[in-house]
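Asker: Sequence:
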Amino acid sequence: MITIIGAGKVGGSAALHSAIKQLDDQILLLDIVEGLPQGEAMDLNHLLSEQGIDVEI
1 MITIIGAGKV
11 GGSAALHSAI
21 KQLDDQILLL
31 DIVEGLPQGE
41 AMDLNHLLSE
51 QGIDVEI
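So the sequence shown is numbered by full-length UniProt numbering: it starts at 1 and just counts up by one.
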């Protein structure tokens with residue numbers, strides 16, 4: 001599991017690139033802002049499923 005602290009622009013980009021390169025099958029986003037990691041994860045999971053990439057964020 002890859003853990004990324006910060007779910008803003010940089011954290012979201014890091015999660016996306018890690019998923020595209022399939023560095024691991026699970027990526028965890030953490031942030032101090034409530035709801036931000038969950039929203040970013042939903043967006044990224046939607047994109048990844050359209051691309052056929054099997055990574056859980």
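Hints listed in this document are in silico derivations from the structure and should not be mistaken for laboratory results. It cannot be assumed that every hint is accurate.
Per label pair, the in silico range of CB-to-CB distance [to be verified]: (1) G52 - I32: 29 to 35 Å; (2) I5 - G52: 16 to 22 Å; (3) S13 - G35: 18 to 24 Å.
By construction, the Cβ of each residue, glycine as well, lies at the ideal position given by its N, Cα and C atoms.
Asker: Going through the numbered hints above, which ones does this structure break? Give me the numbers in ascending order.
Answerer: As far as the earlier hints go, only 2 is violated by this structure.
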